[in-house]
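There are 2 protein chains.
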Amino acid sequence: MSFWLKILGSNAAVPAHSRNQTSQILKVNSHFFLIDCGEGTQHQLNKYGIRLSKIDHIFISHLHGDHYYGLIGLISTLHLYGRKKNLIIYGPPGLAEIITIQLKHSSTSLTYDIEIKEWKPGTSELIFENKILEVTTFPMDHRISCSGFLFKEKPLPRKINKELLPKEILPSQIGLLKSGKNVENAEGDIIFSNDELTIEPRPPVSYAYCSDTRFMDGIVPFVMGVTLIYHEATFMDDRADRAALTFHSTARQAATIAKKAGVGKLIIGHFSTRYKNLKPLLVEAKEVFENSYLGIEGSDFVLVD
Amino acid sequence: MSFWLKILGSNAAVPAHSRNQTSQILKVNSHFFLIDCGEGTQHQLNKYGIRLSKIDHIFISHLHGDHYYGLIGLISTLHLYGRKKNLIIYGPPGLAEIITIQLKHSSTSLTYDIEIKEWKPGTSELIFENKILEVTTFPMDHRISCSGFLFKEKPLPRKINKELLPKEILPSQIGLLKSGKNVENAEGDIIFSNDELTIEPRPPVSYAYCSDTRFMDGIVPFVMGVTLIYHEATFMDDRADRAALTFHSTARQAATIAKKAGVGKLIIGHFSTRYKNLKPLLVEAKEVFENSYLGIEGSDFVLVD
Numbered sequence: 000m001s002f003w004l005k006i007l008g009s010n011a012a013v014p015a016h017s018r019n020q021t022s023q024i025l026k027v028n029s030h031f032f033l034i035d036c037g038e039g040t041q042h043q044l045n046k047y048g049i050r051l052s053k054i055d056h057i058f059i060s061h062l063h064g065d066h067y068y069g070l071i072g073l074i075s076t077l078h079l080y081g082r083k084k085n086l087i088i089y090g091p092p093g094l095a096e097i098i099t100i101q102l103k104h105s106s107t108s109l110t111y112d113i114e115i116k117e118w119k120p121g122t123s124e125l126i127f128e129n130k131i132l133e134v135t136t137f138p139m140d141h142r143i144s145c146s147g148f149l150f151k152e153k154p155l156p157r158k159i160n161k162e163l164l165p166k167e168i169l170p171s172q173i174g175l176l177k178s179g180k181n182v183e184n185a186e187g188d189i190i191f192s193n194d195e196l197t198i199e200p201r202p203p204v205s206y207a208y209c210s211d212t213r214f215m216d217g218i219v220p221f222v223m224g225v226t227l228i229y230h231e232a233t234f235m236d237d238r239a240d241r242a243a244l245t246f247h248s249t250a251r252q253a254a255t256i257a258k259k260a261g262v263g264k265l266i267i268g269h270f271s272t273r274y275k276n277l278k279p280l281l282v283e284a285k286e287v288f289e290n291s292y293l294g295i296e297g298s299d300f301v302l303v304d
Numbered sequence: 000m001s002f003w004l005k006i007l008g009s010n011a012a013v014p015a016h017s018r019n020q021t022s023q024i025l026k027v028n029s030h031f032f033l034i035d036c037g038e039g040t041q042h043q044l045n046k047y048g049i050r051l052s053k054i055d056h057i058f059i060s061h062l063h064g065d066h067y068y069g070l071i072g073l074i075s076t077l078h079l080y081g082r083k084k085n086l087i088i089y090g091p092p093g094l095a096e097i098i099t100i101q102l103k104h105s106s107t108s109l110t111y112d113i114e115i116k117e118w119k120p121g122t123s124e125l126i127f128e129n130k131i132l133e134v135t136t137f138p139m140d141h142r143i144s145c146s147g148f149l150f151k152e153k154p155l156p157r158k159i160n161k162e163l164l165p166k167e168i169l170p171s172q173i174g175l176l177k178s179g180k181n182v183e184n185a186e187g188d189i190i191f192s193n194d195e196l197t198i199e200p201r202p203p204v205s206y207a208y209c210s211d212t213r214f215m216d217g218i219v220p221f222v223m224g225v226t227l228i229y230h231e232a233t234f235m236d237d238r239a240d241r242a243a244l245t246f247h248s249t250a251r252q253a254a255t256i257a258k259k260a261g262v263g264k265l266i267i268g269h270f271s272t273r274y275k276n277l278k279p280l281l282v283e284a285k286e287v288f289e290n291s292y293l294g295i296e297g298s299d300f301v302l303v304d
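Going line by line, the protein sequences match chains G and Z.
Sequential numbering of the first sequence, starting at 0, is according to numbering that gives the first Met the number 0.
Sequential numbering of the second sequence, starting at 0, is according to numbering that gives the first Met the number 0.
Source of the hints: derived by calculation from the structure; they are not laboratory data.
Don't take every hint at face value.
What the hints assert, rightly or not - In silico EDC-like cross-links for lysine to aspartate or glutamate, where the CA-CA straight-line distance does not exceed 16 Å:
| no. | chain 1 | residue 1 | chain 2 | residue 2 |
| --- | --- | --- | --- | --- |
| 1 | Z | Lys84 | Z | Glu114 |
| 2 | G | Lys103 | Z | Glu96 |
| 3 | Z | Lys153 | Z | Glu128 |
| 4 | G | Lys116 | G | Glu128 |
| 5 | Z | Lys26 | Z | Glu128 |
| 6 | Z | Lys103 | G | Glu96 |
Hey, can you work out the whole structure from these sequences and the hints?
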C-alpha cells in the first residue's frame, strides 16, 4: 500500500516565477489520480517521470482555464501514443461539450474511450469507489461551479498475526478473523479468538483537495480529521478583501480551515503572481496551523510509503 | 526596419525530447505576429523574454491540437493581465466556436476584444495588410483544412541620398523622389532627378510558413523566391510512405520545395518524436538544398536587422 501526492503546479491564474498552473497527482497503490490539469501539465508529468499512460482517472474542480486547459492536450497525447484503456474524467457540467467540440474540429476519433462524468454542483456525492478508496465531492464557494474532492481510504482489514496462527486454520477462517470476527464452532464456542490472532491495522488515510474557494466554514465538516488537506491560499491576509472579492482565500484562512477540521497536515498553493517569494505565506499559515507546507512544483507528500 | 523569426516549438504531435509543439514568432518592426500556438506557447514566450502584450495578431494554420491548444491559455492570460488592445486571430473555420465555448463556461467577459477571422480553406487570400506587410494564405495538403501563410514585405520606397539633397527642396518634392519619380517644373523640365538624388532600396523580404502538409508541388508558385521558408519535415525520406499516409513531409521533400521555389533559406521543423537526434534530417535536407537549418526552440532567423 502506498499513498502519496506530488504537486505539479502551484501558481494562480497564469504561469509565472517558474511556477505552473494547478495540477497534482495522487498515487494510491498502482492507481494514479490526476487532480486538475492546467496548461502544460503533460510537460510537468514528463519532467517528473510519471508515465501519462498510468493515469486512468482525472478530476477537474472547475472550468477556469488554469485548472483544465492542459486536459485536451493530455487527451490528445494519450491518443497519439495509441492508448487502449478507458479514461474516466470527473468534471463540472460543460466539460464534455468543450472536449467533444475540440475533437470534432480536429476530426479525431480517439484510440480509446473517454467517459466524462459530470458531477452535480453545489452538493456532495460519491463519484468514485474501488476496493480501497472512495472519492466524494464537496462544494467550494467560487465564482463558477467548483468542487473539492475527498480521497478517503477505506478501513483496512485487521492484520493477521502470522506468528501465532495455528497451522490447521482454514482460509475461510482467516477471512473471518480479518473482518474482525471470532471463529466459532457449531456450538458457538470460540475456537480462534480475533483478539489473540489479529492486530489492529493502521488507521485509513485521507486527502482533501480544496480548490479555488472563498473562506467558508461549511468546508470543515467535509474535511474533518483528514490526514492531509490542500487548501488554496491565493493571497496573504492583508488582502483578505481582495480574496473575498475574487472568490479566493488567504494563507491564514486556509490554515484556519485546517485547524478547525483538526487535520494532520496542510498544503497551501494557488499562489498569486504578486508573491515571488512564498515564505511569508508559509509563515502566515504556520501562525495558525503549525504543520503547514508550501505546495510548490515537485513537492512530495507521502502518507503511506 | 527589422524582420526576424524565432522558433518556439519544433516537435510534432506531442511534446518530447525537451521540444515543444509548434509555435513561432515573427517580428516585423514593432509588430509581433504569433504563428501557431501549441500547448505551452505562453511558457515559451516567457522563457525567451517576449512580452505577451506585444502580440496583436495570431495566425493558426489548422485545428490539430499541437498547433493551437496553447491559444486559449494565452487569451486568458492576456485577459488576466488586463489587456485593452484588440487581438486579431486568423484561423480555420471552427476556431471561433472552440474559443467562445470555453470563455462561456468560465463565465469570462474579456477585458479586450477578440476578432477571430476565419480564412477560407482550399484557396489563397489576402488576410492582413498594413503599410509595410501583406499576409496571404495558401492551401496545404493535410488531413483537415490547413493553410500556409506568406508574410511579404511591401516594396520599400527609394532611399534619399541625403548628402546630395539640395537645401531648397520641399517635403512634397522629397515624397515624389521616394516614390520613384523625378521632380519637374511647370514646363515639364526635370529640376530634381530621381536617378541622381535617390538610391535603390534593398529588396523586400518575405517569409513563407508551410505548416503540416504532404509533399505538394502546388506549394511552389506561392512561395517562389521567398527570402526564408519554413516547411515541415516530420520524417526522413526512408519513411516517405508513412509521411504520405499521415499527410506529412520528409526532410528531402521540404528541401525539394525550397529548391524548386528558389528560396533563400530553408528551416525544417515539426520533427517526429522518433528522432531524438535531428542531425540526420538536416543532412538529408542539405543534400537537396544546402542552405537548410533546423528550426529548434530558441533559434533566431534574422532577415533584416
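Hint check:
1. Z:Lys84 to Z:Glu114: holds, 11 Å
2. G:Lys103 to Z:Glu96: holds, 11 Å
3. Z:Lys153 to Z:Glu128: holds, 10 Å
4. G:Lys116 to G:Glu128: holds, 14 Å
5. Z:Lys26 to Z:Glu128: Since the Cα atoms of Lys26 (chain Z) and Glu128 (chain Z) sit roughly 15 Å apart, the hinted pair holds (cutoff 16 Å).
6. Z:Lys103 to G:Glu96: holds, 11 Å
In the structure shown, no violation is registered for any of the earlier numbered hints.
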